[in-house]
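J.: So the protein lines, in turn, are chains A and B. The opening position of the first sequence corresponds to residue 53 in our numbering, with each subsequent residue numbered one higher. The opening position of the second sequence corresponds to residue -2 in our numbering, with each subsequent residue numbered one higher.
I should point out that these hints are in silico values taken from the structure, not numbers from a laboratory. Don't take every hint at face value.
27 Å max Cα-Cα, derived DSSO-like pairs, lysine-lysine [as the list claims (entries may be wrong)]:
#	chain 1	residue 1	chain 2	residue 2
1	B	Lys63	B	Lys11
2	A	Lys55	B	Lys61
3	A	Lys121	A	Lys55
4	B	Lys38	A	Lys55
5	B	Lys11	B	Lys61
6	A	Lys121	A	Lys104
One-sided excerpt, in silico: chain B residues whose CB lies under 10 Å from chain A [unchecked claim]:
#	residue
7	Val1
8	His4
9	Tyr33
10	Gln35
11	Leu41
12	Met42
13	Leu43
14	Thr46
15	Phe88
16	Cys91
17	Arg94
18	Phe104
19	Phe105
20	Pro107
21	Arg110
22	Thr112
Here are the in silico distance ranges between beta carbons for each label pair [what the hints assert, rightly or not]:
#	chain 1	residue 1	chain 2	residue 2	range
23	A	Thr124	B	Lys11	39 to 49 Å
24	B	Gly50	A	Asn71	15 to 25 Å
25	B	Thr14	A	Gly67	44 to 54 Å
26	A	Gly67	B	Lys11	43 to 53 Å
27	B	Thr79	A	Pro59	37 to 47 Å
28	B	Val59	A	Leu103	25 to 35 Å
29	A	Pro128	B	Lys61	40 to 50 Å
30	B	Arg110	A	Tyr84	29 to 39 Å
31	A	Glu118	B	Lys52	23 to 33 Å
32	A	Ala65	B	Asp62	33 to 43 Å
33	A	Gln94	B	Thr14	20 to 30 Å
34	A	Thr57	B	Pro37	21 to 31 Å
Cβ atoms here follow ideal geometry from the backbone N, Cα and C, with glycine treated the same way.
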Amino acid sequence: DAKTTQPPSMDCAEGRAANLPCNHSTISGNEYVYWYRQIHSQGPQYIIHGLKNNETNEMASLIITEDRKSSTLILPHATLRDTAVYYCIVRVMRGNQFYFGTGTSLTVIP
Amino acid sequence: GAVVSQHPSWVICKSGTSVKIECRSLDFQATTMFWYRQFPKQSLMLMATSNEGSKATYEQGVEKDKFLINHASLTLSTLTVTSAHPEDSSFYICSARRTSGSYNEQFFGPGTRLTVL
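Work out the full structure: start from the sequences and follow the hints.
T.: Here is the structure:
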């Protein structure tokens, strides 16, 4: 079962940073936070994951609070192609299944 | 990143017929693959876990006799929707797990759109 809570939708102006929040208050010590996104009618695309430290890659940054009960995905300079549904998932590192929640539908506005 | 393909990308069939969907990991071996279903404007729902050389594990509420899964090789899993009905029309997505050392990642296919008339 999904163990995360995300706002259903958000808008962001093109070129600005998009900050997508996720609550995972019941996260266990060995569970990682993963972010995927799904552009309309495509398969999910991996963005980033982390355990407790902040992470950054070429796509985004992940900020995890010290108590690990919430996190924020940051797209530093949103483009129109970032319009998608973003999913926050918690899972143990060597675990199998991903259980998707409802996600956040991000719309980047020109 | 690793590549997972699905075939066909879309299929239209008549009610009562069976449809087979293939999921392939193109550049890595996957002992475990997963099948999801997604209805319009809804999230992905995990249907089953496909294990190479053994029986699939189905999520609660998913009929194993209707959704037949075969994982005969390390790069191929198939999902057969038997006796398809209009309510089976959906977007079917697979993912493949790649294990490297203490770390494993999942890569998703592009999905297959099934329409049952």
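J.: All the hints need checking, so say for each whether the structure fits it.
T.: Status of each hint after checking the structure:
1. Annotation: proposed proximity of lysine 63 of chain B to lysine 11 of chain B holds, straight-line Cα distance about 16 Å (limit 27 Å).
2. With a C-alpha separation of about 26 Å, the suggested pairing of lysine 55 of chain A with lysine 61 of chain B holds against the 27 Å cut-off.
3. Simply put, lysine 121 of chain A and lysine 55 of chain A have alpha-carbon atoms about 11 Å apart, close enough for the 27 Å limit, and the pair holds.
4. Taking the CA atoms of lysine 38 of chain B and lysine 55 of chain A, the gap is about 20 Å. The hint holds against a cut of 27 Å.
5. Restraint check: the Cα-Cα separation between lysine 11 of chain B and lysine 61 of chain B comes to about 21 Å, which is no more than 27 Å; the hinted pair holds.
6. A hinted pair counts as satisfied when its Cα atoms are at most 27 Å apart, and lysine 121 of chain A with lysine 104 of chain A qualifies at roughly 10 Å.
7. Contact between valine 1 of chain B and chain A, as hinted, is supported at the beta carbon level, the nearest pair being about 8 Å apart and thus within 10 Å.
8. The interface hint given for histidine 4 of chain B is violated, since its Cβ lies 13 Å from the closest Cβ of chain A, which is over the 10 Å cut-off.
9. This hint holds: tyrosine 33 of chain B has a C-beta 8 Å from the nearest C-beta of chain A, less than the 10 Å allowed.
10. Given the 10 Å rule on beta carbons, the hint for glutamine 35 of chain B holds: about 9 Å separates it from the nearest Cβ of chain A.
11. Contact between leucine 41 of chain B and chain A, as hinted, is supported at the beta carbon level, the nearest pair being about 4 Å apart and thus within 10 Å.
12. The criterion of a C-beta within 10 Å of any C-beta in chain A is met by methionine 42 of chain B, whose closest approach is roughly 8 Å, and the hint holds.
13. The closest approach between the C-beta of leucine 43 of chain B and any C-beta of chain A is roughly 6 Å, which is under the 10 Å cut-off, so the hint is satisfied.
14. The closest approach between the C-beta of threonine 46 of chain B and any C-beta of chain A is roughly 6 Å, which is under the 10 Å cut-off, so the hint is satisfied.
15. With its C-beta approaching chain A no nearer than about 7 Å, phenylalanine 88 of chain B sits inside the 10 Å limit, and its interface hint holds.
16. Residue-level restraint check for cysteine 91 of chain B holds (minimum Cβ-Cβ distance to chain A is 8 Å; threshold 10 Å).
17. Among the interface hints, the one on arginine 94 of chain B holds; its C-beta lies about 7 Å from the nearest C-beta in chain A, closer than the 10 Å criterion.
18. Taken as an interface hint, phenylalanine 104 of chain B checks out: its beta carbon lies about 7 Å from the nearest beta carbon of chain A, inside 10 Å.
19. Given hint, phenylalanine 105 of chain B at the interface with chain A, holds; its Cβ is 4 Å from that chain's nearest Cβ, closer than 10 Å.
20. With 10 Å as the threshold, the beta carbon of proline 107 of chain B comes within range of chain A, its nearest partner Cβ sitting at about 5 Å, so the hint holds.
21. Contact between arginine 110 of chain B and chain A, as hinted, is supported at the beta carbon level, the nearest pair being about 7 Å apart and thus within 10 Å.
22. Contact between threonine 112 of chain B and chain A, as hinted, is not supported at the beta carbon level, the nearest pair being about 13 Å apart and thus beyond 10 Å.
23. Checking the proposed 39 to 49 Å range against threonine 124 of chain A and lysine 11 of chain B shows it holds: the Cβ atoms sit about 48 Å from each other.
24. Taking the beta carbon of each, glycine 50 of chain B and asparagine 71 of chain A are about 45 Å apart, not inside 15 to 25 Å as hinted.
25. Range check, threonine 14 of chain B to glycine 67 of chain A: about 49 Å between beta-carbon atoms, so the 44 to 54 Å window is met.
26. The hinted range of 43 to 53 Å is satisfied by glycine 67 of chain A and lysine 11 of chain B, whose Cβ atoms lie roughly 49 Å apart.
27. Distance hint for threonine 79 of chain B and proline 59 of chain A: a CB-CB separation of about 39 Å, consistent with the stated range 37 to 47 Å.
28. With their beta carbons about 31 Å apart, valine 59 of chain B and leucine 103 of chain A fall inside the hinted range of 25 to 35 Å.
29. In this structure, proline 128 of chain A and lysine 61 of chain B meet the distance hint of 40 to 50 Å, their C-beta atoms being roughly 45 Å apart.
30. Checking the proposed 29 to 39 Å range against arginine 110 of chain B and tyrosine 84 of chain A shows it holds: the Cβ atoms sit about 31 Å from each other.
31. As the Cβ distance of glutamate 118 of chain A to lysine 52 of chain B is approximately 43 Å, the hint placing it in 23 to 33 Å is violated.
32. Restraint check, alanine 65 of chain A to aspartate 62 of chain B: a C-beta distance of roughly 51 Å breaks the suggested window 33 to 43 Å.
33. In this structure the hint that glutamine 94 of chain A and threonine 14 of chain B lie 20 to 30 Å apart at CB holds, the actual value being about 26 Å.
34. Taking the beta carbon of each, threonine 57 of chain A and proline 37 of chain B are about 23 Å apart, inside 21 to 31 Å as hinted.
When held up to the earlier numbered hints, the structure conflicts with 8, 22, 24, 31 and 32 and fits the remainder.
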